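Fit chain B to the given chain A structure using the hints.
Keeping their order, the protein sequence lines are chains A and B. Mapped onto the numbering used here, the consecutive letters of the first sequence carry residue numbers 1 to 214. Mapped onto the numbering used here, the consecutive letters of the second sequence carry residue numbers 1 to 328.
The set of hints was computed from the structure by calculation and includes no laboratory data. A quick note: this is a predicted structure, and the numbers were derived from the prediction, not measured. There's no promise every hint is true.
Said to hold, decoys possible - Some residues of chain A that are not near chain B, with every Cβ distance over 10 Å (derived): (1) Thr61; (2) Gly62; (3) Glu86; (4) Gln111; (5) Ser130; (6) Asp142; (7) Thr176; (8) Ser178; (9) Asn184.
Claimed, not checked - Derived coverage of chain A by chain B (criterion: at least 3 residues anywhere in the stretch with Cβ under 8 Å from a Cβ of chain B; other residues may be distant): (10) 70 to 76; (11) 100 to 108; (12) 116 to 124; (13) 161 to 170.
We treat Cβ as the ideally placed atom computed from N, Cα and C, and that holds for glycine.
Now for the letters of each chain:
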Amino acid sequence: MGYGRKQASWLFRFGVYTAVLIMGLITFVADARADLVFGAQSVSANAGSTGNSFEVFLSNTGATAVDISGFSFEISTATSNINFTEATTSTADIFAGNSLFGPVISTSTGQTLDASDVVATPNTSTVLGSGATLGLGEVFFDVAPGTVTGPYAVSFGAFPSTSLSDALGNNLTFSTVSGSINVNGPAVPEPSSLLLLGTGLVGTLGAVRRKLLG
Amino acid sequence: MSESGESRSFLFGLRIASVLLRTTLILFFGFVSSIQLMGATATVTNVSSTAADGTYGIGASIPVTVTFSTSVVVTGTPLLALNSGGTASFSSGSGTSTLTFTYTVGAGQNSAHLDYTSTVALSLNGGTINDSTDTPANLTLPAPGAAGSLGANKNIVIDSTSPTVVSYSVLFGSANLGFNLVGSTRTRLPWQITGIRVVFSKTIASGDLNSLSGVATTAISGLGTNTLTWAISPIAVGSFTTTLAGTGPDAIRDAAGNGLNGGTGFTQNFKVLEGDFNDDGFVSSADMVAVNNATVAPYNVFADVNGDGVVNITDVSIVRSRIGTSQP
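Next up, chain A with everything else stripped away, as it sits in the complex:
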């Protein structure tokens, strides 16, 4: 069963907070050179489900604001049971209202997905303030039936598949933080659903019985 937009939005916010926390820890324990960090939201999905999604976002962990005019990211999973089907502009998109290629920003799909976007108005940019996080895209995926439960890493490709540019067309350095897709077992009906199903079944059988006797 897929997640709806509201669920995705909630998960996005949760993921962002988690990612910011993780990145803060990384910054604390290591002298990271790049202040710009690509991150992928960690989500759960059932085996055999379609239309799942997660967010890819960009955070500025540095002390100064950065102008962003274009980006590209490549994500991949190690399992062929997860199929990336599309990437669209994010719910909190970095180029909201100024996206050249949105809403669909993916250029390849499958076990590896590539996506990119650039400002629609040349020589403009989005300012990503210090400590700020903005979405780069929402990635949709399907999980094949029978997929073994467990977490599956979603990792970023290296430069130049994943890249950032300022308004002048200069490459910006960055780092990446992988996400994961936690695959659950096949969907199990909730007790209330089972009760409803049982009630309906009893009613149907009763009606049939009355018809036969009557």
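Frame of chain A; chain B shown alone:
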């Protein structure tokens, strides 16, 4: 004086006269004989060549024939100075009336109408050219251009100027645009290359598909002009060392047969990475942003990725589709 004395005096006078007459006759016939002998001295009557009329380039071997009035015997290696700046050396014909000199065209030698330099262009060079009586032949030649001269008998052009490369351009795009690599500091070409066009310093008479190596050529055009164009299998990425042949069966030659660049040919290296606007060896979002900015700037050929003559969103999209590729 007595009668006998007069008679003796007469006879003495007669003898003296006879002696004078015989001496005169001997001297006369000796002079005539000498004149006849001088007339038999070998002289040059004609200079020509067995080579066909036409244009000859570096390395061409041209036989020049010098015909004497009588048979001559040659020792050493006499020379014939030519107006091309070159020299023909005696090669054969001693003992006959026609000597053959061989001229091999060297670099820097040119003549619009080959002839020897003057009437005294034939020199012994330490050797001899004598007739059958061992009398030195008269080496005076017909005046250049006059009847009997090489120039009058043949129409031979010497052209040792090799063709050279003036420009070497890669071709790309629907507008078949060209970019000259000669003198360019550009390292990587951001287009899909579909051809090579080379402008030479002079008309090219021979060359073929294989005259350009290092890329997969599919067609050639332009023979008989100073511009050759090769169509190639499209290239979107790669590093290439291309060579234009100056020697061998596929050599690029002018009408005189001079090989490209004196036979050394021409080499041009280039790299191709379609979409790499900023020439850093990678296609990234930076190239996409730069080309996007170029859509509102004066025409920049490096941003015209599809080579249609304009920079627009199509070029941005092409760069976008190439993100992730590299050519360090």
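Of all the hints given earlier, name the ones this structure violates by number, lowest first. The structure conflicts with no hint, since it agrees with every one listed earlier.
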